[in-house]
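Chain order of the listed sequences is A and B. Following full-length UniProt numbering, the numbering of the first sequence begins with 1 at its first residue and continues without gaps. Following full-length UniProt numbering, the numbering of the second sequence begins with 1 at its first residue and continues without gaps.
If you're looking for bench data, these hints aren't it; they were derived computationally from the structure. Don't take each hint at face value.
Claimed, not checked - From chain A, some residues computed to sit far from chain B (all C-beta separations above 12 Å):
#	residue
1	83
2	149
3	174
To be verified - Calculated cross-link-like contacts (lysine-lysine; reagent style BS3-like; alpha-carbon spacing at most 27 Å):
#	chain 1	residue 1	chain 2	residue 2
4	A	101	B	161
5	B	161	B	181
6	A	101	A	73
7	B	181	A	53
8	B	89	A	101
9	A	32	A	128
10	A	101	B	167
11	B	181	B	198
12	B	191	A	73
13	A	199	A	128
14	B	191	B	177
15	B	181	B	191
16	A	21	A	73
17	A	149	B	214
18	B	209	B	191
19	A	53	B	177
20	A	32	A	80
21	A	53	B	167
22	B	191	A	53
23	B	167	B	181
24	B	89	A	21
25	A	32	A	21
26	B	191	B	167
27	B	177	B	209
28	A	53	B	161
29	B	214	A	53
30	A	21	A	53
31	A	128	A	73
32	A	101	A	21
Every residue gets a Cβ at the ideal spot worked out from N, C-alpha and C, and that includes glycine.
Each chain is listed here by its residues.
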Amino acid sequence: SNLLLIFLYQVQAHDLVICEKLSNVIVDQSLKDQIFSREAGRICYTIVQAEAKQTNGNVFRRNLLNRLQQEFKAREETRKRSTQEWVCLVSFICNIFDYLKVNNMPMMALVHPVYDCLFRLAQSDALKNEEEVDCLVLQLHRIGDQLEKMNLQLMDELFNLLRDGFLLQEDLSSMGHLLLLEILEFRAGGWTLSETAQKYYYSEVTD
Amino acid sequence: MWAGLWASQFTTPPLQCHVTSTLTYENDCKPDENGKKGASRWSHCRKRGADGNLRKSYEVEEPGKCSHSSRRPESFTTPESEGPVSRVKNWGDEVEAEEMRSNVRRDMHRYRRRILEADFPQRDRKISSGSSDSRDSRDSKESPAKGDLETDETTLIRRQKQINYGKNTLAYDRYIKDVPKDMRQPGVHPKTPNKFKKYSRRSWDQQIKLWRVKLHAWDPPAEEGSDLQQIEEIDLGEIMDFELDVECSADTESQCPTSSGASLSLAEVIFSIYKHIPSKISSSDPILEFF
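One chain only, chain A, in its complex shape (with noise of 0.2 Å):
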């Protein structure tokens, strides 16, 4: 957080340095913190048009993916060691995909590894810990239209995997059962809720 405070700062200098550090920056600090992992795609589409426009360089961009790169190989032992740490790795890779278009199209090398991200969240030893459900139905929620639109068969693999897990897992804990079973109406219902199931997922409960 003081790194970000030091960028912050650079940021409002006009004082802003494209290089290694910059993405090395953002992404330790998506890592780090939810919010901004879930936000930071933004900023660094931010960064990518301000460097094309300046230099027509995209040195942040490559620097970027590259890191991005290195984290997604290195996920497995990232959930390991810290769930929280891996949940933020999956919101990250998820938001850039969201942000960081190519020609307005999304960046078909990031279509496999993100659906490895959620496949993995989709298994068994996942879908047990509410965190990671949690992180899966939210990118779904973000993304997930776009992700059937570059690979619809995956797609489906994967709402195999939910169905199967929302039916016959028997350690999901009751938050996880309703994660599920509203990202599987939401599929359904072409990646948009009805107003019936918005009502009954999201309107408050007066006891």
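Starting from the known structure of chain A, arrange chain B on it as the hints suggest.
Then chain B, alone, in the frame of chain A:
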């Protein structure tokens, strides 16, 4: 009871998973376009594994895995292939290649449209001011017959790369500032070769060479030269666009709304994240509802 019944039908479907166990990275290190001698862009992503050890290939990526989770594949989604995938690019390169391909396709569409327009000229047709390498469609002597375009993507991409090398120079920047397009005289002023025309490889390479030689006439004087090319500083003050309805106590220096672009300033984006201010962009994720 039903669980057992269902279980037999609903066994986990076989995932398309292959342990990508013999991935190696390409070893070539393309020279940077501007001749920078900084750290190779490969250096931070290949030499060491996640555990810090040097490695030559990714064969033994995560040895701890093999024992307990014997069926856990490294990747769930690696497409089926005949054998081990021998070359995996890094994401930076892959995305650049994607971008190049889609740029070339977009250019092709534009060019085709231009050729059609040239056949049916309209009176007050305005030429778009966007940059394009293939602007000579109006000249019927030069423009290729409709069926006669270069369409091979590999060739187009190669040519575009060569063009990009030339355009990424200070000389080119100075040239386009110096001589606006409508003031250009053929023969006198360098003209970007048209990648969509059919040329032999030698002819094309020669045209590129001549073009770049001509561009050197706009090289900056010696003292400005190489230093400027090394620094990639971005002055965000110039490009901070503000979205008027983002409520934020961001810095008040540049409050003047600029062009209508949707980009948020960096500072605003970061501030908005940390003040938990919902912005227009955030979707209805259930988590935020709980805040």
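Okay, the hints, checked on the actual structure:
no. : hint          : verdict
1   : 83            : 16 Å, holds
2   : 149           : 16 Å, holds
3   : 174           : 15 Å, holds
4   : A:101 / B:161 : 21 Å, holds
5   : B:161 / B:181 : 22 Å, holds
6   : A:101 / A:73  : 22 Å, holds
7   : B:181 / A:53  : 20 Å, holds
8   : B:89 / A:101  : 19 Å, holds
9   : A:32 / A:128  : 22 Å, holds
10  : A:101 / B:167 : 23 Å, holds
11  : B:181 / B:198 : 24 Å, holds
12  : B:191 / A:73  : 45 Å, violated
13  : A:199 / A:128 : 26 Å, holds
14  : B:191 / B:177 : 14 Å, holds
15  : B:181 / B:191 : 10 Å, holds
16  : A:21 / A:73   : 20 Å, holds
17  : A:149 / B:214 : 46 Å, violated
18  : B:209 / B:191 : 12 Å, holds
19  : A:53 / B:177  : 16 Å, holds
20  : A:32 / A:80   : 15 Å, holds
21  : A:53 / B:167  : 14 Å, holds
22  : B:191 / A:53  : 23 Å, holds
23  : B:167 / B:181 : 15 Å, holds
24  : B:89 / A:21   : 22 Å, holds
25  : A:32 / A:21   : 17 Å, holds
26  : B:191 / B:167 : 11 Å, holds
27  : B:177 / B:209 : 22 Å, holds
28  : A:53 / B:161  : 19 Å, holds
29  : B:214 / A:53  : 26 Å, holds
30  : A:21 / A:53   : 20 Å, holds
31  : A:128 / A:73  : 23 Å, holds
32  : A:101 / A:21  : 22 Å, holds
The structure fails to meet hints 12 and 17 from the earlier list, while all remaining hints are met.
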